[in-house]
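Assemble the whole structure, with the sequences as input and the hints as a guide.
Listed in order, the protein sequences are those of chains S, Z, H and Y. First residue of the first sequence? That's 1 in full-length UniProt numbering, and the numbers climb one at a time after it. First residue of the second sequence? That's 1 in full-length UniProt numbering, and the numbers climb one at a time after it. First residue of the third sequence? That's 1 in full-length UniProt numbering, and the numbers climb one at a time after it. First residue of the fourth sequence? That's 1 in full-length UniProt numbering, and the numbers climb one at a time after it.
SDA-like, lysine to any residue: derived pairs with alpha carbons at most 20 Å apart:
| no. | chain 1 | residue 1 | chain 2 | residue 2 |
| --- | --- | --- | --- | --- |
| 1 | S | K5 | Z | D255 |
| 2 | H | K5 | Y | W258 |
| 3 | S | K83 | H | G11 |
Just so you have them, the derived chain Z footprint on chain Y, three or more residues with Cβ under 8 Å:
| no. | region |
| --- | --- |
| 4 | 7-14 |
| 5 | 17-24 |
None of these hints come from the bench; they were simulated from the model. Just so you know, even glycine gets a beta-carbon here, dropped at the ideal spot from N, CA and C.
Number of protein chains: 4
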Amino acid sequence: MAKSKFEYVRGFEADDALLPNCWIVVRLDGRNFHRFAEQHEFKKPNDDRALHLMTKCAQTVMQELEDIAIAYGQSDEYSFVFKKKSKWFKRRASKFMTHVVSQFASSYVFYWKDYFKDQQLLYPPGFDGRIVLYPSDQNLKDYLSWRQADCHINNLYNTVFWMLVQRSGLTPVQAQDRLQGTLAGDKNEILFSEFNINYNNEPLMYRKGTVLIWQKVNEVITKKIKLPKETEEKEVEVTRTRTKVVPLHCDIIGDQFWEEYPEILAEDS
Amino acid sequence: MAKSKFEYVRGFEADDALLPNCWIVVRLDGRNFHRFAEQHEFKKPNDDRALHLMTKCAQTVMQELEDIAIAYGQSDEYSFVFKKKSKWFKRRASKFMTHVVSQFASSYVFYWKDYFKDQQLLYPPGFDGRIVLYPSDQNLKDYLSWRQADCHINNLYNTVFWMLVQRSGLTPVQAQDRLQGTLAGDKNEILFSEFNINYNNEPLMYRKGTVLIWQKVNEVITKKIKLPKETEEKEVEVTRTRTKVVPLHCDIIGDQFWEEYPEILAEDS
Amino acid sequence: MAKSKFEYVRGFEADDALLPNCWIVVRLDGRNFHRFAEQHEFKKPNDDRALHLMTKCAQTVMQELEDIAIAYGQSDEYSFVFKKKSKWFKRRASKFMTHVVSQFASSYVFYWKDYFKDQQLLYPPGFDGRIVLYPSDQNLKDYLSWRQADCHINNLYNTVFWMLVQRSGLTPVQAQDRLQGTLAGDKNEILFSEFNINYNNEPLMYRKGTVLIWQKVNEVITKKIKLPKETEEKEVEVTRTRTKVVPLHCDIIGDQFWEEYPEILAEDS
Amino acid sequence: MAKSKFEYVRGFEADDALLPNCWIVVRLDGRNFHRFAEQHEFKKPNDDRALHLMTKCAQTVMQELEDIAIAYGQSDEYSFVFKKKSKWFKRRASKFMTHVVSQFASSYVFYWKDYFKDQQLLYPPGFDGRIVLYPSDQNLKDYLSWRQADCHINNLYNTVFWMLVQRSGLTPVQAQDRLQGTLAGDKNEILFSEFNINYNNEPLMYRKGTVLIWQKVNEVITKKIKLPKETEEKEVEVTRTRTKVVPLHCDIIGDQFWEEYPEILAEDS
Chain S
1 MAKSKFEYVR
11 GFEADDALLP
21 NCWIVVRLDG
31 RNFHRFAEQH
41 EFKKPNDDRA
51 LHLMTKCAQT
61 VMQELEDIAI
71 AYGQSDEYSF
81 VFKKKSKWFK
91 RRASKFMTHV
101 VSQFASSYVF
111 YWKDYFKDQQ
121 LLYPPGFDGR
131 IVLYPSDQNL
141 KDYLSWRQAD
151 CHINNLYNTV
161 FWMLVQRSGL
171 TPVQAQDRLQ
181 GTLAGDKNEI
191 LFSEFNINYN
201 NEPLMYRKGT
211 VLIWQKVNEV
221 ITKKIKLPKE
231 TEEKEVEVTR
241 TRTKVVPLHC
251 DIIGDQFWEE
261 YPEILAEDS
Chain Z
1 MAKSKFEYVR
11 GFEADDALLP
21 NCWIVVRLDG
31 RNFHRFAEQH
41 EFKKPNDDRA
51 LHLMTKCAQT
61 VMQELEDIAI
71 AYGQSDEYSF
81 VFKKKSKWFK
91 RRASKFMTHV
101 VSQFASSYVF
111 YWKDYFKDQQ
121 LLYPPGFDGR
131 IVLYPSDQNL
141 KDYLSWRQAD
151 CHINNLYNTV
161 FWMLVQRSGL
171 TPVQAQDRLQ
181 GTLAGDKNEI
191 LFSEFNINYN
201 NEPLMYRKGT
211 VLIWQKVNEV
221 ITKKIKLPKE
231 TEEKEVEVTR
241 TRTKVVPLHC
251 DIIGDQFWEE
261 YPEILAEDS
Chain H
1 MAKSKFEYVR
11 GFEADDALLP
21 NCWIVVRLDG
31 RNFHRFAEQH
41 EFKKPNDDRA
51 LHLMTKCAQT
61 VMQELEDIAI
71 AYGQSDEYSF
81 VFKKKSKWFK
91 RRASKFMTHV
101 VSQFASSYVF
111 YWKDYFKDQQ
121 LLYPPGFDGR
131 IVLYPSDQNL
141 KDYLSWRQAD
151 CHINNLYNTV
161 FWMLVQRSGL
171 TPVQAQDRLQ
181 GTLAGDKNEI
191 LFSEFNINYN
201 NEPLMYRKGT
211 VLIWQKVNEV
221 ITKKIKLPKE
231 TEEKEVEVTR
241 TRTKVVPLHC
251 DIIGDQFWEE
261 YPEILAEDS
Chain Y
1 MAKSKFEYVR
11 GFEADDALLP
21 NCWIVVRLDG
31 RNFHRFAEQH
41 EFKKPNDDRA
51 LHLMTKCAQT
61 VMQELEDIAI
71 AYGQSDEYSF
81 VFKKKSKWFK
91 RRASKFMTHV
101 VSQFASSYVF
111 YWKDYFKDQQ
121 LLYPPGFDGR
131 IVLYPSDQNL
141 KDYLSWRQAD
151 CHINNLYNTV
161 FWMLVQRSGL
171 TPVQAQDRLQ
181 GTLAGDKNEI
191 LFSEFNINYN
201 NEPLMYRKGT
211 VLIWQKVNEV
221 ITKKIKLPKE
231 TEEKEVEVTR
241 TRTKVVPLHC
251 DIIGDQFWEE
261 YPEILAEDS
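The structure is reproduced here in structure tokens:
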């Protein structure tokens, strides 16, 4: 049972090292999440439990893996951006993809009950992932803008669509017909005139998706200490600075976000 | 907020279609499972609960995804072999890898309690995956032989190692020193003379790992039917043939296995 | 002027090793050879000088490079098949492609005058190349059949087309119109009834293209030797066996060719 | 002889499109040029004929192919830099590599006699090529600096080595031993003290290699024109601006070159 006789098969594994000095983006999507959402009675057009669970999983991915500078999520997708200079696992593409999706998938089941309470998880969900390189900062910002523009377009559509179905009693097909060919302005107008909804007042999380960045956070913790010459422990409050993954629901298409958080794109970050 | 302005970024995604007419192997491994095993009190050298859970996850992967002809697992790793002719997702490498590992990872958490009962899962585990192509049937058989030979070598070592630690009271370092430079025959001899263990009588699952194949299985189910001219339902037993994923613990290095199951390698399977 | 400061740029070169145990095909095509043929007054539909020069270049490629088992050429293209087991330059794709096309291109200019005599070469021609892997022998045979079928289809068309232009005085556009929608049988019929040409009697090189294989060839050479006990040299004829690249113009689509030359596909060849 | 039955083999060709928005560098090297140089009696350490022929070939490549922004050559190698935004042949790597090396190789034979006069070309030379991507301008500049630093190091070594052999009568092995472990300063000192050579006065082409860039050049040409109301043609001089490939022998490691020719790296160039 000589191992060596068979070991030649290792030579068939291809080297999939990614080009250095490029931003590495891994985007994952839920597999068949349309069906999954129905079976688990997700609220339409947005289910807070599902969105918060997605973000919890993405935070876990950022904390467990290395070199993720920023993540962006909406609906059943999340994009993770690894630093240009990352040398994690020698930049092997398969490592980045599989670590991200497996950590995300196991976290999804693990944290499910924290968000869905009595709503039982019926089966283990799947996710697919892909990896894309972006050579310049502008390319990366455009990628994230593309995803956020996509979030906006879909959410505006879904918001009107479900109002027409839920409040006006249209069938899904009728609602679809009604929206056929409408522009953003038309949809805003329907929302306002028919449902008294100002789209711009809809929750930011729905309209902008979720941005995850690393932030220094001051935590006040209570410690028990015993001072010299005293016999009893005393409780004192200590302020500790930690770096945490923080969710934001803001515009990332304009320049303001990047001016406010220059460290995200900083070469040596 | 024009989407089109940013959509050029889609053009940065590379085509990762795999060469046609080759066996596609996706192998996954637990991430930091040494630590994970300790924290979850896995029995040494083999934990039946952990092995059965791995196999349950692999079965789920085979049932949920398409075109998997055979799978082989041992310890914290599993290999999935997709058919040569598979056109699943246009043979895009990233799709194969991420679907396998994400389905496996979510299943691991989902089915955990069925195998580990009161042993709580402390955190969501990660898995990494890789993809390798094998052009010929012989290459594929040699790949699987390589993994099974690896199983044998590791299990023999671990069996003696843990006997020395658990029964003879050696420290891990002492046990390691004792086994340094020993051949398979030496290890068998230690097991036999010092612990009265005939290695060949150890459970096949430990020595051979687990092979998963598709098998036609006859199931006898009870159906309630109402015959014409009768007013009451009657219970009858019906035999139904289904194709199921079946675990085997047998040698796959020799020819016998492949002669017994020729359909696994059959071109049109 | 420290070299080391810049040497990091070497790390940007990707590993392009080809999958082991697959046939490696490099196919090259003349760049803008339609224009090139006109400017150098190639005879239509086939120019023997040009075809023989192509084959001379291909023979040079086979002799200069390593591990080429067979080559096939027609018109301004040539395909080179490297052995499945070849480890030449660690199977790096770029090495195979660039060595083939550069050797072919320099040979084209070098040997031009041997075939084109007084017809001056006006400028240095370019060639493009690509590389494709074929996992099975059948795939490889089908690849070569594809090229030979292409040769047949194009040559039949061109033979009729140029007859219509050269003998019947049609303009190229008229000839094209005449042939629009015709099947092979129609074209054979035009050749026979209008030009008294039996297509099957056209030269094999035009209809089948050129196959290059390695053959043992007996050469009779004259050597001067001095026998013991004699004082003068004597001329003797010696038969020497050499392995040479030999051109054939035969069918390679059917089984007969492969049965006649089994060594081409032999694993250990 | 149905073509369609075999056409499936086209599906085995992999998509080798290069990542957008990166500099594309193709570097070629002479194959076995050590032997080639000896057989063609190249002058040591530098043969002007050979260097000028290399540059003539590189100019031809730049003129015949598209989107080459700059080229750099030394010894028997040349690097061609294609623009970041180039969409030539859909950025397929094989196209870039094979067009460059085949055009270079055919030009080498074609223009040989213009530089080597009576020195016959004995056989057609080969070249190998590779392709590398550089995401940032700095990466590209560092790549070119790497090649120029390499030129300097090799040329300084070769200059001393051949002085020791040609003037001091050392054998190659003795010269090699003498130079073992010497630093740049030591080599400069040997040249100066033993051969009265100030290395910095050596020709720039040897020390810096050759940079090829596109330059607007004013050409004064003589045209025959016939003015209205005149009956005879008159010769007039006309100044015409053309874009030509111009060779420079200057430092490209420092900033000055890039400040002087900002258009080379300009995004829209």
